[in-house]
Amino acid sequence: MKKALFLCACLVSITWIGSAQETPRYEAYVGGSFLRVHASGGELTQLLNLPSIQYQPHNMNLNLYGWDASITENVSSWFGGELDASGFYGTLGAHFLFPSSQLVSPSPNFSKTAPVITHFQTYFFGPRVILRRTNHVTYFAHLLVGLADVKTSLNEPAVVATNFMSLPAGTLKVDVGLAASPGVGIDWQLNERMTVRPIQIDYLVTHVYGERQDNVRISAGLAFTFGHK
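Each number in the working numbering comes from the position in the sequence shown (counting from 1) with 23 added on.
By construction, these hints were calculated from the structure, which means they are not laboratory data. Any given hint could turn out to be false.
[To be verified] For each label pair, taking beta carbons as the anchor points, the in silico distance ranges come out as: (1) Ala192 to Val98: 42 to 52 Å; (2) Gly104 to Glu45: 15 to 25 Å; (3) Tyr49 to Tyr146: 14 to 24 Å; (4) Ala184 to Tyr49: 12 to 22 Å; (5) Tyr146 to Ile224: 16 to 26 Å; (6) Asn214 to Leu106: 38 to 48 Å; (7) Met217 to Ala164: 43 to 53 Å.
[As the list claims (entries may be wrong)] Computed cross-link-like contacts, EDC-like style, restricted to lysine to aspartate or glutamate with a CA-CA straight-line distance of at most 16 Å: (8) Lys174 to Asp198; (9) Lys135 to Glu179; (10) Lys174 to Glu234; (11) Lys196 to Asp172; (12) Lys196 to Glu234; (13) Lys196 to Glu179.
Fair warning: this is a prediction, and the values are worked out from it, not measured in the lab. Beta carbons: idealized from backbone N, C-alpha and C, even for Gly.
Let the sequences and hints guide you as you build the complete structure.
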């Protein structure tokens, strides 16, 4: 009887380990994301058509918030191909722009700035390397390459403080450039079909508005698995 119970326990253990190591065919992830943008300031010369000497030395840092989603096809237990897309939105507090309405106001407030509305989207593809553990934890690293699509706009007419150039409301400029994103992350398996991703960190390099930007992307969310290898 003891031998039979021991044998059953061994079979259950083997089955559990095997199921924990099963490799899903596809993984679909969606989550919230934060982007810390670090720009050289030279982007402003492209954005506002100004001489580069005016803004080149000034760095710009801004926080954008949005989403990140990906689909991974696993070709083996440790390697897969990943499609990734993300979108980030926010405003740049441009101290060098002020609303045109202040020029005709009886009591102009030149400390009031005109925010630059920013849409920042990325589209990536690349390999993913996976380390699967029997305790339901999966570690991964990926190297993604693709495009960054950036759009800036104003919700009201504005004036450039240094040369009083007038800017109309609406789109200022749209630019698309190359981008790359090496990164790492952790997945924790909740059940057979769902995992939670507590953190994914990417170093996001983009080249838009004629300049290079070195950014950090941090994401968290849920992943869903389909099929088995």
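**Item:** Hints violated by the structure (numbers, ascending)
**Value:** Structure breaks hints 4, 6 and 7.
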